[in-house]
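Protein chains in written order, with our numbering: chain P, -6 to 199; chain S, -6 to 199.
Treat each hint with caution, since some may be false.
Identical chains blur together in the list; that is why a pair holds if it fits in one copy or across any two.
When the alpha-carbon atoms are kept at most 20 Å apart in a straight line, the in silico EDC-like pairs for lysine to aspartate or glutamate are as follows [to be verified]: (1) K184 - D156; (2) K194 - E139; (3) K104 - D156; (4) K105 - D156.
Treat the hints as calculated values from the structure; they're not laboratory data.
Each chain, written out:
2 protein chains.
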Amino acid sequence: MSREGVLVVISGFAGTGKGTVVKGLLDRYEQYALSVSMTTRQPRPGEVNGVSYFFVSKEEFEATIAADGLIEYARYVDNYYGTPKAYVEEQLKAGKDVILEIEIQGALQIKKIYPDAVLIFVMPPSAEELRSRLEGRGTETAEVIEKRMKRAAEEAGFIESYDHIVLNDVVDQCVEQTHAIIEAAHSAPSKQKELIERVRKGLQGK
Amino acid sequence: MSREGVLVVISGFAGTGKGTVVKGLLDRYEQYALSVSMTTRQPRPGEVNGVSYFFVSKEEFEATIAADGLIEYARYVDNYYGTPKAYVEEQLKAGKDVILEIEIQGALQIKKIYPDAVLIFVMPPSAEELRSRLEGRGTETAEVIEKRMKRAAEEAGFIESYDHIVLNDVVDQCVEQTHAIIEAAHSAPSKQKELIERVRKGLQGK
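Please construct the entire structure, taking both the sequences and the accompanying hints into account.
Here is the structure:
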């Protein structure tokens, strides 16, 4: 199968479980490659450099921006987050569907540069459920949880910029729905150039 | 399930087998309703008024245009073809995905009025295969086949206006791919207004 890869952006409020959905896609289907972001924030316990993120200093991050080595970046709660360009483009050429798990700011930047990118927003069933998932993590203070809920309220204003909204109620169903959306994106005209050109030339008797 | 219906436009060159794909969708899934077009052309043997088409006179057709009773119409080879509005809107409200099997001119009109409509173009594997399917029908003269091939060459210029291109090589696969595309369309933000509003209000503490 020599089809071209699709660039997939997955966003959602902190606590929606988008990481679990992404993991589900990567575990079940070989067609996916996860883009590893670069960040200046401190690693959390258990996070591995080069797997969870590329953890770099502020100076290194700014040097990468200057060298045009990021396809998008954003500042969020005093830290930089960005997507290194080289890996994404290599994987797309190799036919992989590349998943970016990024914030709204970055997602909107991506759509400008890659209009074919598929922007998917993972939604919680309700605000109450979102709060209860954040509390259930047990890793964040009440203050941080309030911050995240406030942030979610702000982010909610941008949901309509996404191409697709998926409800993460039952994780398994959410993974399958997300996969189906990405499969459908492979039939966009921009991904079917070869077929279109072949038939068109044949019809013109060339 | 109270989800809102999606308006689906299916087009393709004469002889591509789009009618078979549409029939496959209708036979396999209860969610679909087929819009019956109105036309001034003569019925072919076996065609039933109100099922294949609503067969009307030129005067009746023009009266329907005047009464704003069509969501699109076009003239094609000296005949009018159009889509009666009332049935489509009723079925969408009832939650059905309404399929319009129409020509490119009509499809582009639909997209202007219903930007959420999903435009699907059914492609033959090649121009040779298209010709052989037209010849295989055994119902058309060599002259008509040439006309249809020439028409296909013209229509091929508009393929990129469609949202999705599906290859009709193995019919069964084509039906399933088309169905998956329509399912994915249900996750567009315009079809998820209820969920978005509910979560948004919850986040704002309303």
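Which hint numbers does the structure go against, in order from smallest to largest? none
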